[in-house]
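A.B. asks: Here is what each chain is made of, one letter per residue.
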Amino acid sequence: GESVGLHLPTLSVQEGDNSIINCAYSNSASDYFIWYKQESGKGPQFIIDIRSNMDKRQGQRVTVLLNKTVKHLSLQIAATQPGDSAVYFCAENLRGGADGLTFGKGTHLIIQP
Amino acid sequence: DGGITQSPKYLFRKEGQNVTLSCEQNLNHDAMYWYRQDPGQGLRLIYYSQIVNDFQKGDIAEGYSVSREKKESFPLTVTSAQKNPTAFYLCASSPGTTSGELFFGEGSRLTVL
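Same order as they appear, the protein sequences are chains A and B. In this note's numbering, each number is its position in the first sequence, counted from 1, plus 943. In this note's numbering, each number is its position in the second sequence, counted from 1, plus 8.
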């Protein structure tokens, strides 16, 4: 089965509110985590990443939190905008090497006006 | 501009035919990857290559083949042995062989008629 999974397949938020997308991972040896945004029919775009020696990292309007104790990753988007509507994937470097990332199934973020 | 170019964007194939999807990058990245994405699913690794003239199977390599004759090119052939080839195919690259961000192309949608 998937080692990276998301708690909710769809998240609906009001425009202007904050969004929180959650992700669970199962491999405590994973040392790198990343969030991607994918718009319909397009390739995934990098949002933010974090390494296992950190528990928080901030970008522009986004924050990633890593809780290694419970193997949980979250993406917080501040002041959600219509352009944030997309599917969001978390991914981990499962095997610690150059064989790419292992992706969860994704959460569809829907912005309500 | 540097990036990853996939072609064609849309491709239709009859059952029993092989098709080749192109992936070219001008980022001077060593590693390249092919992922498959089905509706409502995450990305699954088909093949990856860390260096020219070398490649490894991913999680779902059956029915696919690749080559890496040049650093900038990593074509994927979907053979007639692939039982469910209709999917969205994503090519990615990364600078090195340690864990890190993958840069994605815009994808190729293959439909088998």
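One should not assume that every hint holds.
Distance condition first, Cα-Cα at most 27 Å in a straight line; then the derived BS3-like pairs of lysine-lysine [claimed, not checked]:
1) K17/B x K985/A
2) K91/B x K999/A
3) K17/B x K1048/A
4) K999/A x K65/B
5) K985/A x K1011/A
6) K1048/A x K78/B
Hints in this document: simulated from the structure, not taken from any laboratory.
A.B. asks: May I ask which of the numbered hints given earlier this structure violates, with the numbers listed in increasing order?
C.D. replies: Of the numbered hints, 2, 4, 5, 6 do not hold.
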